[in-house]
Amino acid sequence: MNTRKPDRLEAARLEKLHRIEELGLDPWGQRFDDHIPIDEARRRCPAEAGTDGDVVRVAGRIMLRNNRGKLKFYHVQDWTGRIQLMVSRGDLSEEQWELIGALDLGDLVGIDGRLRVSQTGEKTIFAEKITMLCKSLAQPPEKFHGARDTEMLLRQRSIDLIYNEGVLARMLKRTRIIHSIRQTLSGQGFVEVETPVLHSVAGGAAARPFITAHNTLGIELYMRIALELHLKRLMVGGVERVYEIGRVFRNEGIDATHNPEFTMIEIYQAYGDYRSMMDLTERIVVEAAEALGEGLVLPWGEERIDFTPPWPRRCYAELFEEHAGCPMNDPAAVAEVAKRLGIETDGVHPDVVINDVFEATVEDALVGPIFVTDYPASLCPLTKRKADDPNVAERFELFIQGMELANAYTELNDPRLQEELFQTQLDGLDEEDSMAKTDSDFLTALKVGMPPAGGLGIGIDRLVMLLTDSRTIRDVIFFPLLRPESVGGPPAETPAGTS
RNA sequence: GGGGGCGUAGCUCAGUUGGCAGAGCAACGGACUUUUAAUCCGUAGGUCACAGGUUCGAAUCCUGUCGCCCUCACCA
Numbered sequence: 001m002n003t004r005k006p007d008r009l010e011a012a013r014l015e016k017l018h019r020i021e022e023l024g025l026d027p028w029g030q031r032f033d034d035h036i037p038i039d040e041a042r043r044r045c046p047a048e049a050g051t052d053g054d055v056v057r058v059a060g061r062i063m064l065r066n067n068r069g070k071l072k073f074y075h076v077q078d079w080t081g082r083i084q085l086m087v088s089r090g091d092l093s094e095e096q097w098e099l100i101g102a103l104d105l106g107d108l109v110g111i112d113g114r115l116r117v118s119q120t121g122e123k124t125i126f127a128e129k130i131t132m133l134c135k136s137l138a139q140p141p142e143k144f145h146g147a148r149d150t151e152m153l154l155r156q157r158s159i160d161l162i163y164n165e166g167v168l169a170r171m172l173k174r175t176r177i178i179h180s181i182r183q184t185l186s187g188q189g190f191v192e193v194e195t196p197v198l199h200s201v202a203g204g205a206a207a208r209p210f211i212t213a214h215n216t217l218g219i220e221l222y223m224r225i226a227l228e229l230h231l232k233r234l235m236v237g238g239v240e241r242v243y244e245i246g247r248v249f250r251n252e253g254i255d256a257t258h259n260p261e262f263t264m265i266e267i268y269q270a271y272g273d274y275r276s277m278m279d280l281t282e283r284i285v286v287e288a289a290e291a292l293g294e295g296l297v298l299p300w301g302e303e304r305i306d307f308t309p310p311w312p313r314r315c316y317a318e319l320f321e322e323h324a325g326c327p328m329n330d331p332a333a334v335a336e337v338a339k340r341l342g343i344e345t346d347g348v349h350p351d352v353v354i355n356d357v358f359e360a361t362v363e364d365a366l367v368g369p370i371f372v373t374d375y376p377a378s379l380c381p382l383t384k385r386k387a388d389d390p391n392v393a394e395r396f397e398l399f400i401q402g403m404e405l406a407n408a409y410t411e412l413n414d415p416r417l418q419e420e421l422f423q424t425q426l427d428g429l430d431e432e433d434s435m436a437k438t439d440s441d442f443l444t445a446l447k448v449g450m451p452p453a454g455g456l457g458i459g460i461d462r463l464v465m466l467l468t469d470s471r472t473i474r475d476v477i478f479f480p481l482l483r484p485e486s487v488g489g490p491p492a493e494t495p496a497g498t499s
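Numbering-wise, our numbering puts 22 at position 22 of the first sequence, and it's gapless, one number per residue.
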């Protein structure tokens with residue numbers, strides 16, 4: 001963005017701004033009471049030609065103009081929709097006409113006028129008074145093709161929201177989904193809490209953290225990569241049904257399904273297990289889909305996703321055998337398949353090889369919604385083992401369209417086993433790739449006694465993607481992370497805030 | 001991080017073999033009282049992402065840099 005450049009288009013708008021000021025009007029507007037949403041104005045507009053409707057007041061942005069001299073048409077948009085405005089020289093005072101002449105595309109105006117269809121049948125407000133609410137100094141995008149440049153749209157999301165149909169509606173669906181989740185959980189007796197974002201140990205997941213620092217304490221801190229360990233402390237503390245919806249931060253790659261900061265919900269239920277969490281997951285997602293009011297079969301590109309419950313529940317070992325073509329407890333056969341797929345096996349923990357084969361053969365085939373249950377225990381250091389098989393963890397993941405949407409455990413509450421698992425690095429993983437980082441404060445809390453519990457995590461951004469037919473995470477986050485723009489050359493040497 | 005693609009007016013896009021930088025919309029001036037991407041006449045608007053190089057001559061060819069998109073790796 002080159003802000004130094006004097007802009008001829010902005011100059012033309014400033015000239016009109018001065019004309020508005022010379023009329024004694026405020027080009028930046030004032031409080032404007034008692035206007036109705038534009039979709040309500042549309043509903044109240046009579047359908048028959050020649051019939052007068054109510055006099056209404058609306059406020060919105062000028063999107064289109066069609067100038068016939070002494071008769072002008074505008075399309076005005078608010079966050080509920082658009083309506084046509086007709087301005088006739090004969091209906092307005094000299095001062096009002098001067099104001100009309102100083103309007104630009106993109107300006108915000110208030111309108112008082114009567115609802116009536118135009119001669120071509122378009123619902124129209126016949127203007128009686130125009131109120132200047134805000135001058136726009138920026139040239140809007142091309143009126144027919146709109147703005148298409150993805151980089152510009154991401155850097156100037158405001159423009160995307162105003163001029164690209166469906167962008168704002170999709171983001172509003174996101175808030176409805178999150179509202180629905182809160183309602184579902186509240187109805188089940190869960191309470192929402194907030195826990196620290198700054199951690200001295202970034203635990204609860206396997207991910208590289210962002211590093212920051214506290215100046216006066218003189219310590220290094222990490223942005224949280226999961227909500228898990230603090231919520232479990234609350235379970236110890238007697239908060240029996242608890243959840244947090246919060247931002248977590250992972251210092252990793254960016255692509256269509258990953259943003260460095262994203263929104264997770266984690267939910268813990270005392271005296272439950274992973275099966276209780278499967279029921280809850282199904283309920284949360286189904287009710288969120290219902291909250292959008294478009295049924296349970298939703299579009300996904302050319303395909304459709306059917307969210308109608310109950311969803312299939314298949315165990316990991318069974319799916320493995322089905323898709324990999326060999327039993328997962330036959331190391332020689334697994335190694336054979338891994339070699340065929342080009343997966344590294346030398347010096348790698350056998351369970352890691354199994355999981356690599358699983359990801360390569362099974363995950364893409366999981367159209368879902370489908371619960372995959374009972375994972376190899378060594379992959380799950382925070383999970384309780386099955387009573388009759390210590391090699392299998394009571395864990396499920398929910399897959400939809402090959403995307404991992406939810407992850408849940410029967411939570412491990414044995415502090416001695418937990419400590420052992422923290423200290424035993426999984427073969428084939430280095431420190432920063434392992435989930436097993438010792439959080440001694442957490443272990444101290446576990447010793448007090450945490451009830452047997454089910455725990456669940458859902459990636460909110462991905463859930464919104466699946467429910468809104470969005471192929472990239474950028475479509476469901478207002479401001480996804482972008483590299484700062486620089487005009488040629490290397491980035492500035494001095495970081496912001498140090499001068 | 002690897003590989004591929006892209007970057008030209010405020011916006012959407014053309015730009016041939018290396019030979020004067022183009023169109024539509026928007027803007028500005030004019031005509032027009034029922035338009036729907038209105039129409040018509042006229043005017044103005046460019047660091048061709050940035051920095052070098054080759055060449056008589058570069059938006060175009062070469063090198064480097066910046067940014068975005070796709071893809072692979074990592075990850076949820």
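Just so you know, these hints were derived from the structure itself, not from any lab. Treat each hint with caution, since some may be false.
Unchecked claim - Only pairs whose alpha carbons sit at most 25 Å apart, straight line, appear in this in silico DMTMM-like list of lysine to aspartate or glutamate:
#1 386 / 240
#2 123 / 112
#3 339 / 318
#4 70 / 15
#5 129 / 34
Computed from a predicted structure; not experimentally measured.
Evaluated hints:
Taking the CA atoms of residue 386 and residue 240, the gap is near 23 Å; set against the 25 Å cutoff, the hint holds. This hinted pair checks out: residue 123 and residue 112 have alpha carbons roughly 15 Å apart, not beyond 25 Å. A hinted pair counts as satisfied when its Cα atoms are at most 25 Å apart, and residue 339 with residue 318 qualifies at roughly 21 Å. For the proposed pair residue 70 and residue 15, the alpha carbon gap of about 22 Å is at most 25 Å, so the pair holds.
Distance restraint check for residue 129 and residue 34: the Cα-Cα separation of roughly 14 Å lies within the 25 Å cut-off, and the hinted pair is therefore satisfied.
Checked against the numbered hints given earlier, this structure breaks none of them.
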